[in-house]
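Number of protein chains: 2
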Amino acid sequence: MLVSALLTSLGINSGLCVLFFILYSILRKQPNNYEVYVPRLLAEGNSKRRSQFNLERLIPSAGWITRAWKLSEEEILSSSGLDAVVFMRVITFSLRVFSFAGIIGVFVLLPVNCKGTQLHEIDFADLSNNSLDVFTISNVNSGSKWLWIHFSAVYIVTIFICCLLYYEYKYISSKRIAYFYSSKPQPHQFTILVRGIPVSVGSSVSESVESFFTEFHPTTYLSHVVVRRTSKLRNLINEAKTSYNRLLHLQSKPSQQKCRRIGLFGQKVDLVDHYGKKLEDIEQNVRLEQSDVSLAEETRAAFVSFRSRYGAAVAFHLRQSINPTQWVTEEAPEPDDVYWPFFSSSFMRRWISKLVVVVACILLTILFLIPVVVVQGLTNLSQLETWFPFLKSFLTITFFSQVITGYLPSLILLLFLKIVPPIMEFLSSIQGYISHSYIEKSACNKVLWFTIWNIFFATVFSGSVLYQVSIFLEPKDIPAKLAVAVPAQASFFIAYVLTSGWTSTASELFRIIPFICSLVTRCCKRTNELEVPSIPYHRDIPRILFFGLLGITYFFLAPLILPFLLVYLCLAYIIFRNQFINVYMPKYETAGKFWPIVHNSMIFSLVLMHAIAIGIFTLKKLPMASTLVFPLPVLTLLFNEYCRKRFLPVFVAYSAEVLIKKDREEANNPEMAEFFDKLVTAYQDPALMPIQYSVNSDSLNSPLISAEV
Amino acid sequence: MLVSALLTSLGINSGLCVLFFILYSILRKQPNNYEVYVPRLLAEGNSKRRSQFNLERLIPSAGWITRAWKLSEEEILSSSGLDAVVFMRVITFSLRVFSFAGIIGVFVLLPVNCKGTQLHEIDFADLSNNSLDVFTISNVNSGSKWLWIHFSAVYIVTIFICCLLYYEYKYISSKRIAYFYSSKPQPHQFTILVRGIPVSVGSSVSESVESFFTEFHPTTYLSHVVVRRTSKLRNLINEAKTSYNRLLHLQSKPSQQKCRRIGLFGQKVDLVDHYGKKLEDIEQNVRLEQSDVSLAEETRAAFVSFRSRYGAAVAFHLRQSINPTQWVTEEAPEPDDVYWPFFSSSFMRRWISKLVVVVACILLTILFLIPVVVVQGLTNLSQLETWFPFLKSFLTITFFSQVITGYLPSLILLLFLKIVPPIMEFLSSIQGYISHSYIEKSACNKVLWFTIWNIFFATVFSGSVLYQVSIFLEPKDIPAKLAVAVPAQASFFIAYVLTSGWTSTASELFRIIPFICSLVTRCCKRTNELEVPSIPYHRDIPRILFFGLLGITYFFLAPLILPFLLVYLCLAYIIFRNQFINVYMPKYETAGKFWPIVHNSMIFSLVLMHAIAIGIFTLKKLPMASTLVFPLPVLTLLFNEYCRKRFLPVFVAYSAEVLIKKDREEANNPEMAEFFDKLVTAYQDPALMPIQYSVNSDSLNSPLISAEV
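Residue numbers (my numbering), protein chains in the order written: chain A, 65 to 773; chain B, 65 to 773.
Honestly, I wouldn't trust all of these hints.
With the C-beta cut set under 10 Å, the calculated list includes, among others, these residues of chain B facing chain A [as the list claims (entries may be wrong)]:
| id | residue |
| --- | --- |
| 1 | L191 |
| 2 | I241 |
| 3 | Y243 |
| 4 | E279 |
| 5 | A379 |
| 6 | H381 |
| 7 | Q384 |
| 8 | S385 |
| 9 | N387 |
| 10 | P388 |
| 11 | N704 |
| 12 | E705 |
| 13 | Y706 |
| 14 | L712 |
| 15 | A717 |
Don't read these hints as lab results, they were simulated from the structure. A virtual CB, placed ideally from N, CA and C, is assigned to each residue, including glycine.
Take the sequences, apply the hints, and build the full model.
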């Protein structure tokens, strides 16, 4: 790829970003779009809809940027929880790393690379006609002493990142404990989920739980709720809700539209009456079903609540039964966080579904190689011409060829990547996780490794040698092959940062899809329920981490990537802070459990970078440097092992000390009695709660919330 | 190797076995050898020394065989503990497996192999001149339909072994729990070891422990004992013991020998007085040092005892402190089982020593390749002749060449292998384990993998292609390479079973080394302390498991190995039972914790066998069979995963149910008060106990124990 192609891509993406920013600045002020751009403020009632028109509404403003900038960490913590803080710290962490690496890269490594003459001498007269390869390590002459500068850079940056990782892990674990100390009593702190409950003949699951826990945890056991199969019931309730919404919609229409013929020759009926009756029928069914379900269809699982956090922790940490597949305990999620549809209590079934999901992930990864290979064809124009000869004349036009090599490949990849997080979330959901938060954490991991494998490795190896996936079956050759293939893809990944990084972050601000959805639904709107979205961590964390991987692996190969990355991170920093204020509301709180994923990903990136460095120095005929890099991955892995021992347990469970202190603090709190009353019913399946739509169908059309931004 | 060479080896080894049996039968009846052959009976006082001579003592008898045969499992359990039962079950398990595989192998596979003509047709006229390869799968013609019989055998035997493994795991876990229920209260059940105790300025470790556990475990905490550095003290005590023994020895001599000049011109002194004074001096030192140590030199570790097993388990399972590297808990070993010399309380030091041990193991493995390669040279006579041309004339003599190819290689290997278990035990001991039992368990694992790697893989790959250790860096080629190399070594491993299996088991009965030691020390014997040995599980379990691996991998390649294996197992069955009655006394009780090692080793053997089968069927041009074997390793690994979930937790820790039931059972036991009194001091360092040798030096020469076999 030539510099000019990169400039084209830069132009397109910068233009798009500016466009998105301007559009956002204007559209967010329109009352119609409040639900898209400030749903959180609306829901919290902090925003009033201004109906009178004024000119200011049409002029883009940047006030929101300063507001986002000024937000402090404490504010994020109190408004969006610790997870949001951790998310923002991923960005600031990357910013610190790449500012440091950027200074070294741009001011030290880049000049060294340009000085080399291995590929071409740089043509200062016509900069834009230089190949981007001139700026990479490939251009440094083989055996040159200048490579020791790269070597030192690898060492310095690794040490810097490790130090930063250590302090960050320490900081977040202390935050996690502080968060726990400052939290109010919450049902999930006092509750565990028990699966695989054995039932003796003639007794129910509930009796079995009751007798087991009163026998073995007599002082701490409080109550339990048996989980029931309610999928049929949930369908009925959804049906009721739909009918209710339709009714609502009908009633808001002028009265002549409320009648319609039923069937071809049927008589005209009042539709409101018709749907009202239907709703009542469904509700009757629901009530019938509810009483049925509460009598039968118990699963062999229950939420068991205790009188103290420590009591719950003891029951969770100790294996309860002689048979390890019975009375399997697990920490309970928050009541709102429980994910009911795929609930399974049997040990074997969960185990098998886990296996199925693993196989599905592997299949998905293999199938995804197809679009990646196609995309890679686009970056190699000559290959494309041999595949589709009729394109030859078209491709000679500079602008088209530049768009195709510089912009199109990343865009196609980006679109395909869009569908991955939902698929992974679905796969995680059938894997047997009990809560949204576990599902997202697992999906986050899946998406991360999928991205690394399918974008990084597939691009690197299919771009240079097609279909070389079997490369990993010969582990000792990996560094050498990486050294050849990775630098060759530098220009693709720089373009990828531009497209996927810049534009998609800007489109996150603009919220294209919700905006279009709101445009579509506005005309046939049925409800005035406002759904405040929560941030999809499993989509955004892997993306940032993948850019981190690109930055770490390429910083000494092609330092030109760093300024683009820094711009991306600055954009992300401002935009996500803004979204936390205006858009996203936390749905659950894992109290920082996403950080270990971040840490692992960074360690992996470092080790990958070291492997490439070993390969590169061998390739560049500097075997001494290659040998001296070798201790680095070993030390990095040891550092990781130490961190696993030192910090990871904090993220797995709270310690006895913390739990007991917190319990004692609240021992004399008069509010606890009330809390325990609520705790007893906190884990009732929402499908078993009484529903009542039909009666208050007269009192519909609740007044629109008045909002102002 | 020719059949005749095998017969030579068979002859030598059978001869040796018979010789050992006869010698044992005679020697065990001589009162002088009681300490070698029946130390356990002596120690228990079940055996009286008969001094009068009678002729029967010189006639070999086989009574001990029937006595060993008749021993029931309950008797072993009550006399030698659950570990001995598990050990015997390893042998009976192998016997069952190889009886089943043996029937298939000898009556079905062997005829099929002999029918083949790929290598040579079998020469029935002169059986002993046939190469052993005629009896292996290599002789079956490529692409032959007969190979499907081997294919079926692989499936049937795998299923049989997996079923047996499942029932065995189940049986032993139930035994383990029954053993716990029936056990008396023991100190280690109520105690945990805490390391990494943080100490605030101005307070001692003891105060720190006291305040922490009274704060967080007020109802269950009983007492604690801080671990102290006593290596200097231990040296002094050993010195005192040596002096005491010398004194003892002197006093038993006639009085004229008791005087000697001290120095060249010194006056004659009474040596008894001299040593007596010296002993008193040392004892004075010991007492001084003991008071010193008990004032200072506390390590940051302590044994903490609780009032109930459940209390101890709760403290063990829950992380105690916010900082995961502080208050690190671990199950306490039995008081006698504690291994004091390498005790280390610091998290970092233990971690580093673990790393050092890993590196040491790798180095040892690499260095050990040298003798293995030399040994392999011996089996390839032609290679040996090219290396040492002067041997040519010597090697033409049939008997020498047969001894060299059939017997010498295994013998050399065997001698080198003898030194491995002690080395591994030493490495495990510096790894930071706190007890003999953990050290042996870890050493058992190390020896097992060392044996598999250095005997199996090194022999297989160096025999066919020298120095092919790098083979494992190309994992996809492993089956093909195994398929070529493994059958080629069949004759070596058959010989290995004869030498290492038969002879070394028979020599275990004969106890060569203790016998020689007793001969040497008898003349200059100083003590009449009787040390009853304990069975070195880390030496014997890996050996049996390695034969298991050989049997499982070779049963369809060279079924001829199975009869020899069966004879070995029968020998081991009788001999070890006999040794449990007469020789070994249990030193500690892990309650069956060795079984998971056995299970894992069997699973590994199965998967290895499947890999070889895949390779063999490809090599033999039966790709269909090769493909159909593929699900087998996957299913085996899944089965293993299931067993890990279903049974392994039972071997890691007891469940709450078991612990609470056991605690309640004893709640009203009046003996418990006395037990708790003892518990408080159970974990005192023996070096800190008061010693007293000098005073009762007059009452030495305790009468010899009168014993009768």
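May I ask which of the numbered hints given earlier this structure violates, with the numbers listed in increasing order? 1, 3 and 11
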